[in-house]
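J.: Build the full structure now, drawing on both the sequences and the hints.
Number of protein chains: 4
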Amino acid sequence: MDRQDLSRIGAFSDGVMAVAITLLVLNIEAPSVSNDDLPDAIVDLIPSLAAYVLSFALVGRYWVIHHGLFATFVRFDGVLLALNLTFLMLIALVPFATNLIDDYSTVPIAAAVFGAILGSAALVHWLMTAHALRAGLVHEKLRADAVPLGSTVALGFAMVCFLSVPVAFLSPTVAWFMWASLLVLRYPLRRVARWVER
Amino acid sequence: MDRQDLSRIGAFSDGVMAVAITLLVLNIEAPSVSNDDLPDAIVDLIPSLAAYVLSFALVGRYWVIHHGLFATFVRFDGVLLALNLTFLMLIALVPFATNLIDDYSTVPIAAAVFGAILGSAALVHWLMTAHALRAGLVHEKLRADAVPLGSTVALGFAMVCFLSVPVAFLSPTVAWFMWASLLVLRYPLRRVARWVER
Amino acid sequence: MDRQDLSRIGAFSDGVMAVAITLLVLNIEAPSVSNDDLPDAIVDLIPSLAAYVLSFALVGRYWVIHHGLFATFVRFDGVLLALNLTFLMLIALVPFATNLIDDYSTVPIAAAVFGAILGSAALVHWLMTAHALRAGLVHEKLRADAVPLGSTVALGFAMVCFLSVPVAFLSPTVAWFMWASLLVLRYPLRRVARWVER
Amino acid sequence: MDRQDLSRIGAFSDGVMAVAITLLVLNIEAPSVSNDDLPDAIVDLIPSLAAYVLSFALVGRYWVIHHGLFATFVRFDGVLLALNLTFLMLIALVPFATNLIDDYSTVPIAAAVFGAILGSAALVHWLMTAHALRAGLVHEKLRADAVPLGSTVALGFAMVCFLSVPVAFLSPTVAWFMWASLLVLRYPLRRVARWVER
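Sequences listed follow chains E, D, C and F, in order. Take the first sequence: its letter number 142 is residue 342 in the numbering used here, and every next letter is one higher. Take the second sequence: its letter number 179 is residue 379 in the numbering used here, and every next letter is one higher. Take the third sequence: its letter number 160 is residue 360 in the numbering used here, and every next letter is one higher. Take the fourth sequence: its letter number 127 is residue 327 in the numbering used here, and every next letter is one higher.
None of the hints are false.
Only part of the chain F face toward chain E is listed, based on derived beta-carbon distances under 7 Å: (1) VAL216; (2) VAL219; (3) LEU285; (4) TYR304.
Since the hints were made in silico from the structure, they are not lab data. Cβ coordinates follow ideal geometry from the N, Cα and C atoms, glycine included.
T.: Here it is, written out as structure tokens:
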């Protein structure tokens, strides 16, 4: 019974993340210009497209870790449900935050909001993992799969996001590079973290 | 066969609730202001964000009880299907109702509509549970899980929502507190109800 | 393998119908009026709400028959996939058609478009059932469940919708009653059809 | 465990494709005209409806091949997850691209963007199949089902889309015919490809 319940929580979470990730496209609006101006208008959409790709990849990354964590569960409790809903609440805000960094790409506060939402989602995911490991929700044989998601490196992911908040006030562009780096740098980051944890 | 049918009803319900809960974000629009005015405009979004959090948590709460009820079912009938569709019809109205209480936060009728929709959804869920228990749709061994969802405390949830309708005409703010209390106070409420039922 | 494939087709269909049914709420827009005019503006929303309830119930009805049909399948083929996509394409048009009959409630062509879309969806569903029964996609033991969905009564459902197209040009209101009657009258209709088929 | 993980990847992909395909309807807006002008306004919607049908059928076609490919998998790896997310990122752009070719049906660049997005999605799907076959993600007994999706004919699908990009600059209408032909001509195309591969 629990297994089926678990799969329904996973399915609902997948649903929310699938809708949120697809709503990102609403940020890229077809331009309203004369036919002659369309080529220029499409070139002007490139920053919106970049924001779309960044957010899609980040939400996709969150989906991958969420899916990896839930695959290790043997049961769940009320705290996990509450944390999971909080996680989804933050993920569902990403389309809004993406609009913001796209419309105000040079304004620090826009980047700060984006970084804070991403960081909070990563932190809640880390808390979810830590709680699951402590409360015995993780299958004994799959602890090795769950442990990295509750480790220093996973917390590091959240920390980089939170660090992008003050950085955004110095330079929103550097904040963008920090978010993009989260997608690329996680393998080196993991190696550093392993070294730190020893 | 029935088990699979049941899981498809659950999946469809999850789909509707996942879309409805994610559409809540469309209420928080990226502001259209000059770059200099963005910090103030973002501060002005805080009430919208509060409405988002409240509605997300409430729909999440409805999802949790719906999911808990369906986990106890061994089969379904036409009445259940009709009640379930009515429940989903009310849940899918929550993004509209959230827009309303956000755009007209001081207007009684807005809060009254929100309270009436939430109350109706809770009442239909209670009816669904009562019908399922009476019609033998609940697995014998899982009756103990379903019974609380058809009890006085569950009806109390609906009653608090309906009570917020007249209260809204005295003070919309008090109505807001009543809805928020539904998220926090359900443990004490449950204890009171247990005491009443004895 | 086929069983799992089948369940993924069902899941995709559920997804499309769940999104389409939830998008119906976008038709009910929060009014943009002064606080004092809100009560009147909400009363003015009642026709929109009626259109929402009607379309939600109709799409819900289509979901119920689709779900009943798919529960009888033992395998599928390319024709079924194509018919199913056509069915979903028509269902996904319902939010548009609902907007239309709501914005132009007294204009015959709006009601005619609504009736034609609903009728086409019902007809495609009937064709899907007929094809499944002929091509041996239905589980032997479940033929009794599938047969009614390919019967005269199911075709009657489509026919009432198509009949509402010319009727709309006489009176859109009568067309509305015909659609609403589809939700209420299917039990008597079934009895009539059984009598006809003898 | 892997099987369940796989089904969750399928479910998430289904979710994204189901939302993307249903969002296509937002491109067909109910007209804002006087009651008398509605018949003409609805006739004017026919090109939008044609774009809707084309895109719905194309995304539906992508769903069918994606679903066929995933049914052959016995496990997955990180590369597959990344390619799958890239595929979904491109599919989720189709509602935007459909808006574009509908609003600017005679402008070459609009058709070029549409063709490039479709072609990229087909190419990524082909890469996904090729990777899966090489990395041993495909069930031994189901290789025969996966091989065609990684073959010259599947690549031909992508090539026709990419070819429509330069063709669009000569005539957007010819590009439309090329896309529509993808839906109809795949059986002859398959026969040609089989002949080429010999």
